[in-house]
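> Dock the two chains into a complex; use the hints.
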Amino acid sequence: MSADANLVSFVAIGVLVGCGVTLLLERSLSRVLLGIILIGNGVNLLIIFGGRSGRAPIAGVTEPERMSDTLPQAMVLTAIVITFGFTAFLLAISYRSWYLTGDDEVPDDLEDQQIVRRAARKEVSTADLGGEPPESDPEQVDVPAPWQRREEGLG
Amino acid sequence: MTALVPLPVLLPLLGAALTLLLAKWPVPQRVVSVSCLATTLVVAVLLLVHAYRYGPAVVQIGAWPAPVGIVLVADQLAALMLVVSSAVTLCVLLYSIGQGQAETGESAPLAIFHPTYLVLTAGVTNAFLAGDLFNLFVSFEMLLAASFVLITLNGTRLRIRTGSTYVVVNVLASMIFLISVGLVYAATGTLNLAHLAARFDGLPEGVRLSLQLMLLLAFGIKAAVFPLSAWLPDSYPTAPAPVTAVFAGLLTKVGVYAIIRTQTLLFPGEQAGKLLMVVAGLTMLVGILGAVAQSDLKRLFSFTLVSHIGYMIFGVGLSTVAGLVGAIFYVVHHITIQTTLFLVAGLIEQRTGSTDLRRLGGLARVTPLLGVLFFVSAMNLAGIPPFSGFLGKLGLLQAGVAVGGVLPWTLVAVGTLTSLLTLYVASRVWNLAFWRTPCQTVEPTAPLPALTVGATVALVALGVSLTVVAGPLFDVTTGAAVDLRDRTPYIHAVLPDGPP
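So the protein lines, in turn, are chains E and G. The first sequence begins at 1 in this note's numbering and counts up by one. The second sequence begins at 1001 in this note's numbering and counts up by one.
Honestly, the hints are just simulated from the structure, not real lab data. As the structure is a prediction and not an experimental result, all values here were calculated from the model. Quick reminder that beta carbons are idealized off the backbone N, C-alpha and C, glycines included. Hints are not guaranteed to be accurate.
What the hints assert, rightly or not - Footprint (simulated), chain G over chain E, 3 or more residues, beta carbon under 8 Å:
(1) 6 to 16
(2) 22 to 32
(3) 40 to 52
(4) 77 to 90
Unchecked claim - Coverage of chain G stretches by chain E, computed from C-beta distances (three or more under 8 Å per stretch; other residues unrestricted):
(5) 1128 to 1142
(6) 1177 to 1188
Next comes chain G alone, as it looks inside the complex (with noise of 0.2 Å):
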């Protein structure tokens, strides 16, 4: 079972190369990086079926024993995140591939785009799996400089100009993750996260702090948390939708899950819980104010994706094990959601050339199909009761009223209010865009081609289908939260004989 660990980052890595090398034949670089993804997908199935049931699988890439060599860990977090993260890159390829015509100019050189995905699909792999702290720092760069190359395809003057200032936040992110791996090797000589987790116990107070603040900075700017988060709603909605869906989606995920990772593994405690929940409740106010403001699709759903982040970090800065679970679930319900989002953006896009609520109207008429997707999607995302989204918040409001106290009370009252005005903010989308009189006619353009509405149809149908099985999936993610907690089976996994 361990030798399938690395392939969820070695398919993706031989994918892009094969896609390379096909740049000129189109239909087998789909046919690769279709099934590359595919089997990527089985994997992480079979990998979640293992943690689950026989606890983490450990792979030591070169046969070197952990502390010294690189470590692949998947346990049921990882498992959990490669699963979800598989199934949202692999829909949203097929949309892509659906697309295909519309990305097509004259100066697009579009044969990057298949090796580009499957780096950055390789990237939140290996981020995922990663089991030391440099491994992740090189796993961030991977998938930071294909997302470079992705928000800037085309190198048109709005992208350029959004593209430079994405790029140089992450580039001062990955800076600062750099400066805290620096610290942390000089201060405890390892940067095995299990090694680590044993060694950061013998650390004085204050160097400790020190490096978790650092490590929270690096990635807080990569999760977009409140106030690290300007970058996002102004980079995102410019570049492709089936870019800006899967970046939505999984990029800042993987800053959530590198929290997850590090604030439980390292400095376990409750630390910077205040901490956390401030800035928690902060990023789910502000960026919902923002979507309020907004009239543009795209960059409303930006921030609402802000917005939501504040919930996951909600659940973490609680530090208990149902709001690790809440957390964890809601991680998983929004990659799926938010992803969905703007594939649908993206169709409308497609149908009706604009984005912007002003022009947009009637289209529940036009499209009742389109009108079907955007309001279970936008209904998921407010948390209307059947739909996973509802279970996500009712978990992490449950988890901070199970802590009580003034702070965990107050973000109760935020996550709610924040709710609340997703909710507003899709009906209002919705009552623009769909229900009034159209105020411009929408000029009926060819049929949206099948793939890209399938695509989207069984990314809202995964996001539906979170309901059926979340009695199953709420195992899996107590399990994770547990294990998480507890940080034995993580640390005994990855050093069997004890720590050196």
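Here chain E stands alone, though its shape is the one from the complex (with noise of 0.2 Å):
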């Protein structure tokens, strides 16, 4: 296998990474998932051309000095494998958050969610007991779906 670094190939890097950064900061997760990915694709590349290139590393076939530098290949290969590990799981994730709310969108987290609710109620945080009723607990309130919230114009 030959793989001589030239521009092509770092300028084939910096877009696969590029694209998977910005899709990277996508909310919905199966886009997420694609640029995890793309990511992963790129620094595979990236590994494989931080070795020497040459022929296929078998004694007595190749000489020493033509032969391709192997701990990079073997580094991406461990690397493919939990690369498909991790995608196959989020994978999962994005399912079940689809299967729970019908949605595969990450919502806010809490401290977003009270921080809303409190900017609506034109409110400032109070004392130091929390401040807050417990009707207002996040953990007590649904928040409305995804779909419910664009259905409302909300999202």
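Okay, structure coming up:
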């Protein structure tokens, strides 16, 4: 296998990782998943180009000076397997999320929800006791699902 | 003795395979996991004694000599971390077995808990023993994959929400780590840490600095250092109590361990010292201010966890022997105490059905034992004199004073302020949850399982006993820190004939 590092390959790595990062910034888990796959492939290419290129490293067939570096190839194999496992897990999570909420969008975290709710009530944070009555406890309030929010025009 | 080195990794992995086979028989499954972790603890203690007396124990997997093959190295730092982590994982395992009934639901594939937990342990121990950068990456992935399963256990709505953030952030951190590994190999042609230590000296300054910053970025996300810590308080609290406890105790500390290891071995000198100290100060301050604002016990402890990571980073940033001694001592203290606090929070949740400070009250009268357990560990965290938290903080602050200068003195002030604010947070929890008259009548549920309480008591006792054994412990941490600064014991143990 010959893998000469040249400008084209580095541009390819850059495009893969760049697109991956863009997708990673999305809210939808399936796009995040695609982003991770792209970044993973970009990184694998980067590792491959980190080693010397050459012919198949088999003793007796190729003389040592012309052999390719095998270590990056071994690392890439491991990295591919790991990325594959994580991709499968993320896919399962996004399916589960779709199953539970009808969407695979990652909702706001608790702090964000609290801030939004407080801002809507024009409330400032009160005393040390927590300040809010129990019914505004985020664990107790049903946050509308993404599809409901979209219907209400809040999303 | 070297035959023992791979055992802390092999035993939990073997246990994971066995418990998976025994999925339908809970009792043998528990016996296997407990005996695996107990044996690991014994092996870890033996390794620590060996490393303290005779220096690092090195094993070359498959008998390939060092720069080519994979090496596992148990020096004093690694062995000390192994001892603490196996003690903590064993206690948490007992706790979760005791809590067993609470975790079994109709939709809960509980059989998966033991194998996953053991894989997590294997990942943690492998990270401590890893002698090359790629093996460190693989062990991070092992513990991450297991932690993904544990944090989304049962797949409830809340856990899926927090789990997705956790998974994405950590996968991204792994990618950054992997990029750094690739670049390190491209620049030096080796990944063996001891070999790298020799080869890095010949690299141009700019290349070395950028590799250092890449690695710091990757480990900083895992260790939850301030600008990279936002994911932690949002994802930890929703997991089951024992899972949160072991994550809080161990996973961030693996990141801290990786920072200590790489900064001392690969990048000696004070290049990143100032940067580390600045982020350490911000981590302490922002973390503890977050904790002050929280009204949920688990979230509050997640913020104190972030805050106290700052102390360890401060010790590393000082890059003196005294600073490293303080940092290592603090890691040991903090693994124990943060795990204990989350277990106590779990007990409170099991007893009252809530960890919301606005609902809790009068617990000191209902369950005095819980009060004692919380009080001792909270005072330990805040750094009240007889406890190990005080000793660790004192060591770090003294190291800061000894270095002198504007930044170390600022950090000393911030550290003191953080300690006081931690005390404020602890006393606020005490007042709200334990002392005031109950605002809601606490339903007396079934008594807490003896094993759960026993495991928590054992961990509290371990935390307190750190004070009792503080002398020998400081000996070990000093030995570890001197070795780290010196670098030659590690390099010589891995490459006896010198770097090729």
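> Provide an ascending list of the numbers of those earlier hints which the structure does not satisfy.
1
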